[in-house]
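Undergrad: The lines below spell out each chain.
2 protein chains.
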Amino acid sequence: MNRKPIGIFDSGIGGLTVVKEIEKRLPFEDIVYFGDTARVPYGSKSDKIVKTFSLQNSLFLLKFDVKMIVVACNTASAVALDYLKRLFKIPITGVIEPGVISALNKTKIKKIGVIGTYATINKNAYGIHLKEKDKTSKVFSVACPLFVPLAEENLVEDEFVDLIVKKYLAQLKYKDIDTLILGCTHYPILKKPIKKYVDNKVELVDSAEETAKEVERILSENGIKNDKNTKGRTDFFVSDIPHHFKDMGNRFLGREIETVIPVHPDESDSYFI
Amino acid sequence: MNRKPIGIFDSGIGGLTVVKEIEKRLPFEDIVYFGDTARVPYGSKSDKIVKTFSLQNSLFLLKFDVKMIVVACNTASAVALDYLKRLFKIPITGVIEPGVISALNKTKIKKIGVIGTYATINKNAYGIHLKEKDKTSKVFSVACPLFVPLAEENLVEDEFVDLIVKKYLAQLKYKDIDTLILGCTHYPILKKPIKKYVDNKVELVDSAEETAKEVERILSENGIKNDKNTKGRTDFFVSDIPHHFKDMGNRFLGREIETVIPVHPDESDSYFI
Numbered sequence: 001m002n003r004k005p006i007g008i009f010d011s012g013i014g015g016l017t018v019v020k021e022i023e024k025r026l027p028f029e030d031i032v033y034f035g036d037t038a039r040v041p042y043g044s045k046s047d048k049i050v051k052t053f054s055l056q057n058s059l060f061l062l063k064f065d066v067k068m069i070v071v072a073c074n075t076a077s078a079v080a081l082d083y084l085k086r087l088f089k090i091p092i093t094g095v096i097e098p099g100v101i102s103a104l105n106k107t108k109i110k111k112i113g114v115i116g117t118y119a120t121i122n123k124n125a126y127g128i129h130l131k132e133k134d135k136t137s138k139v140f141s142v143a144c145p146l147f148v149p150l151a152e153e154n155l156v157e158d159e160f161v162d163l164i165v166k167k168y169l170a171q172l173k174y175k176d177i178d179t180l181i182l183g184c185t186h187y188p189i190l191k192k193p194i195k196k197y198v199d200n201k202v203e204l205v206d207s208a209e210e211t212a213k214e215v216e217r218i219l220s221e222n223g224i225k226n227d228k229n230t231k232g233r234t235d236f237f238v239s240d241i242p243h244h245f246k247d248m249g250n251r252f253l254g255r256e257i258e259t260v261i262p263v264h265p266d267e268s269d270s271y272f273i
Numbered sequence: 001m002n003r004k005p006i007g008i009f010d011s012g013i014g015g016l017t018v019v020k021e022i023e024k025r026l027p028f029e030d031i032v033y034f035g036d037t038a039r040v041p042y043g044s045k046s047d048k049i050v051k052t053f054s055l056q057n058s059l060f061l062l063k064f065d066v067k068m069i070v071v072a073c074n075t076a077s078a079v080a081l082d083y084l085k086r087l088f089k090i091p092i093t094g095v096i097e098p099g100v101i102s103a104l105n106k107t108k109i110k111k112i113g114v115i116g117t118y119a120t121i122n123k124n125a126y127g128i129h130l131k132e133k134d135k136t137s138k139v140f141s142v143a144c145p146l147f148v149p150l151a152e153e154n155l156v157e158d159e160f161v162d163l164i165v166k167k168y169l170a171q172l173k174y175k176d177i178d179t180l181i182l183g184c185t186h187y188p189i190l191k192k193p194i195k196k197y198v199d200n201k202v203e204l205v206d207s208a209e210e211t212a213k214e215v216e217r218i219l220s221e222n223g224i225k226n227d228k229n230t231k232g233r234t235d236f237f238v239s240d241i242p243h244h245f246k247d248m249g250n251r252f253l254g255r256e257i258e259t260v261i262p263v264h265p266d267e268s269d270s271y272f273i
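So the protein lines, in turn, are chains R and L. The first sequence begins at 1 in our numbering and counts up by one. The second sequence begins at 1 in our numbering and counts up by one.
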């Protein structure tokens, strides 16, 4: 047993979908969330800068003496997870491996599609993990750079959303996949138009739920679950409070965010090292 | 006369459209450009963080002993220009006032539309400046948050681009404007679909050219023009080299960028103070 909080970071607010699932599955745990809203998005940026930001975000969380870190961002998971794991003593998990496990459980014909940001797709993190766990699986990946701004603007119903979905996913349509991994924490917001476009037989994988299971497994395995039985608290920190923050945040978290604490990159005692 | 360079910064690569015009008008001047590609975009972020970033970017340029600073970003001009002007001794100009002067020269009926990011539009910087210079002018503003990702992805021809343009600009269509300010350095990339949608009589204002004129005026007025008559050099610094950088950069600058030097936010001796 261990009453320290779980640390979670994301490039912005997408990781709140992961917080939501962890709160549901592990209601007694305390959580410290950091969203790097001042420097979002990570998906179009270089590996070097994503690693730097991920290191800074982890060091910020470590100030709260967190017992584990969840990298609740696909780009940071694809680019920086191994680096962070090598660096720090506490357990660290990303969102990619849980997504891979879920996809392999769902697929019947072992043809799996993956959509994500440039960084996630170019890094082929999903492809590598899928092949590692099942050599016979076939993986088809597409970067969908416009999906993040669409999700943040909550543009889901407009006619042009269907056309953008078609532009990116047309190339997957003829690959005969039966499972599609939403390889970005923003994409669940676009589930409806994606579902509408892909074949009815295609199952969508949203890794948030699977990540919460993985967090529970890690806590149990390491004997560091919280033994108290009162509702845990979640503290939200962000590097900026952008336009629409409340509205977006509530949508991703599925409940009202009461308080959010801004920590500013220019204050060297906050999170820049 | 003064042989020091002109400093120019932008949130990313949009400001290269301004560099292009300055290189054309003032070919003997040296230029130091800084693009904050690690933290782009600024448009959806808070005033506080945009001010902080603008200060850091200016301090980086000041290390090169620049003789003036051009804030080649509409968001930073709207939010941080007055603050920077109060702070520093050297002349500083943004892209908004030049855009306003150009629009007032073009309009015949004094009904002017302005499109830009959330930050620029919410700040009403164009509206305030237009009214200051001509009390009788009428201003209609719309934020177009999807235009930046469209421009960066070079999505100009697709059917959905016309639908997105229509979504944002429909409300301007019935305001009877004869002039439309492209209040974001990314938007000139989308001139074609914007022109196609708005009435033929509507003239588009791209502030880059007007900003170059203003820079020349400031240099002359202060007697700090470069008197050498050999071609000046432009040095490009960025806080990250993102995906597609070369391709995007060349498109915005209108020529090949030979060398670009990454300066990393984690190195405290580079540009973080």
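None of these hints come from the bench; they were simulated from the model. All residues carry an ideal CB built from backbone N, CA and C; glycine is no exception. Careful: at least some of the hints might be erroneous.
Claimed, not checked - To spell it out: a stretch of chain R is covered by chain L in this simulated footprint if at least three of its residues, at any positions, have a beta carbon under 8 angstroms from a beta carbon of chain L; those stretches are:
#, region
1, 163-174
2, 213-226
What the hints assert, rightly or not - Going by beta-carbon spacing under 8 angstroms, a handful of chain R positions derived as facing chain L:
#, residue
3, L59
4, L62
5, Y118
6, P149
7, E157
8, E159
9, D240
10, I241
11, H243
12, G254
Undergrad: Taking the hints in turn, state whether each one holds.
TA: Here is how each hint holds up against the structure:
1. 163-174: holds (count 3)
2. 213-226: Our answer is that it is violated, as 0 residues pass the Cβ test (under 8 angstroms) against chain L, missing three.
3. L59: 11 angstroms, violated
4. L62: Nearest chain L Cβ about 16 angstroms off; hint violated.
5. Y118: 4 angstroms, holds
6. P149: 5 angstroms, holds
7. E157: 11 angstroms, violated
8. E159: Hint on E159/R: holds, closest Cβ of chain L at ~6 angstroms, below 8 angstroms.
9. D240: Given a least distance of 4 angstroms, the restraint on D240/R holds.
10. I241: At 5 angstroms from the nearest chain L Cβ, I241/R passes the 8 angstroms test, so the hint holds.
11. H243: With a closest approach of 4 angstroms, the H243/R hint holds.
12. G254: 22 angstroms, violated
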